[in-house]
Amino acid sequence: MVVEIKINGIPEAQAILKAQNYVKLLQLDKAIHDAGGFLLGEVVSSIAGQRAETRSVDTGRFMNSVTTDSDFTQNFVSIVQSEIPYADHLEFGTSRMVARKHFRNSANRNETKILEIVKQGIK
Amino acid sequence: MVSLISGNSVISKSTLFVRDILRANISDPLSRSGSGTAFVYSSYPRENIIYPIITVVDNGIRDIRRMGMQSESTLMQLPFEVRVWARNVVERDSLSDNVYSFFKNNQFGTGSVSVNVGLHDFTCTSMTNVDEAGEEGIKSKVMGYKWIYINE
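Those protein sequence lines, which keep their order, are chains V and E. Under my numbering, the letters of the first sequence match residues 1 to 123, in that order. Under my numbering, the letters of the second sequence match residues 1 to 152, in that order.
Simulated from the structure, these hints should not be mistaken for laboratory data. Zero decoy hints are in this set.
With a straight-line Cα cutoff of 20 angstroms, these simulated SDA-like cross-link-like pairs (lysine to any residue) come out:
no., chain 1, residue 1, chain 2, residue 2
1, E, Lys146, V, Asn105
2, V, Lys113, V, Thr68
3, E, Lys146, V, Ala107
4, E, Lys139, V, Ser95
5, E, Lys139, V, Val98
6, V, Lys113, E, Ile61
7, E, Lys146, V, Arg104
8, E, Lys139, V, Asp88
9, E, Lys139, V, Thr94
10, V, Lys113, V, Gly36
11, E, Lys139, V, Met97
12, V, Lys119, E, Arg65
13, V, Lys119, V, Val77
14, E, Lys139, E, Ser43
15, E, Lys139, V, Tyr86
16, V, Lys24, V, Asn75
17, E, Lys139, V, Ala87
18, V, Lys30, V, Asn110
19, E, Lys13, E, Asn151
20, V, Lys113, E, Arg65
21, E, Lys139, V, Arg96
22, V, Lys119, E, Ile64
23, E, Lys139, V, Gly93
24, V, Lys113, E, Ile64
25, E, Lys139, E, Asp28
26, E, Lys146, E, Asn106
27, E, Lys146, V, Asn108
28, E, Lys146, E, Asp63
29, E, Lys139, V, Arg100
30, E, Lys146, V, Arg109
31, V, Lys113, E, Arg62
32, V, Lys113, E, Asp63
33, V, Lys113, E, Gly60
34, E, Lys139, V, His89
35, E, Lys146, V, Glu111
36, E, Lys139, V, Pro85
37, E, Lys139, V, Ile84
38, V, Lys113, E, Gln77
39, V, Lys30, V, Lys123
Computed from a prediction, not measured in an experiment: that's the story for all the values here.
Here chain E stands alone, though its shape is the one from the complex (with noise of 0.2 angstroms):
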């Protein structure tokens, strides 16, 4: 479980916290072992899908501003994909809005996991539904996530 993003691992480590803070928040509707192990994924898994799942990929992350001419921190974005793939639309808008409502109401205060571990700014930039065809078909919702966080 990754606890702590540092300004050395933010590109290995940052992936890994927000999938890691989705597996211990999020429930699984169908209850599995592992605590959440075969729920939340770092990346589309290979083989033995069952769904529904939660992909988290990084998308993007740069650095913004300099944090002034003589200092080497950098005000850094963030931008993750979350998706959420299911197996019908009652099922994937239902996981989205846990999804969201976590990040959105656990910013600040008692229970946050964001800004206490340096992740500000949260922001939903995007939704976009990707639908297979067919009764059969995995609905899946694409999210896009952003926060800033300051690399000194």
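Bound-form chain V, shown alone (with noise of 0.2 angstroms):
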């Protein structure tokens, strides 16, 4: 005797499971992109006095420095950063100079905001 057991449709299922996971692969992206932005507001936020950690505004060029990336060509990372030389002296401070330290501690203040962003974004 043989049972045979026949499911219809699995390529259709299989399908719409691909175009669901594809599509929560790009809310997770656009979720870790937008918790980018709001760090990106934090740090500038941090440098400009508004925070806990001394002003490092004189002319603005470090404060306006702060980028992070927009166009989406890394999948799932978002780097908040400065490229300006200086930025790693403010940053970890020097032997003249305390740490400013702008990027980490907005990074540690926000971490469970972060989460709930990319969290709040995938639902």
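Make one complex out of these two single chains by using the hints.
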């Protein structure tokens, strides 16, 4: 005796699942970039003296140099950075200047909020 | 010398513990007296600084997980910033090598300094060079190290 179990529509179901998964991945990527945008705002606020750290604005070059990748070229990664030469000196301090920690403190302070943004983005 | 980290003093003692094991195990290139007290600090010294020096500061100690709903124990993350301040790049990198190798190679077994006191899961999270301009500029490397600690 042979029992054959045949389920119809498997290719269609697979296509639907794949499409749904693809949409979820797009949502996740967008959510991560949204979180990066949020962190960018927090770092800029910190540099401007609106958070606990010392204000680091003289000409505004440092504050205006903080960027995040908005072109979605890197999947599932959002980088908040400054590429000006003295950014490391302000962030980590030097032998003559105390560290300002705008980036690290902003990331530590907002870790829960960043996770929340990502969770909301993929609901 | 801090030789033990307990749950009630994890915030105050863990930085001193890391400082003290570096004092005891990293060779001072200038062979200064004082068993490393003029070489490894838990904050940036205010005066009479003679380089090279190493500074150790904590960097956002926090709970990352409860150890059960009916438990007061927590899993803590202990991140530290160990910074080597040196007179030149060679000295900076050589001392940084010594620090990293010491932590990496003394986690378990004979000579263990971290797991024996409850510091688990050693990770180097970052290394960033911060060099001041000019020949006389201080060359430093900021190293992020992280351990997990179960606070019972």
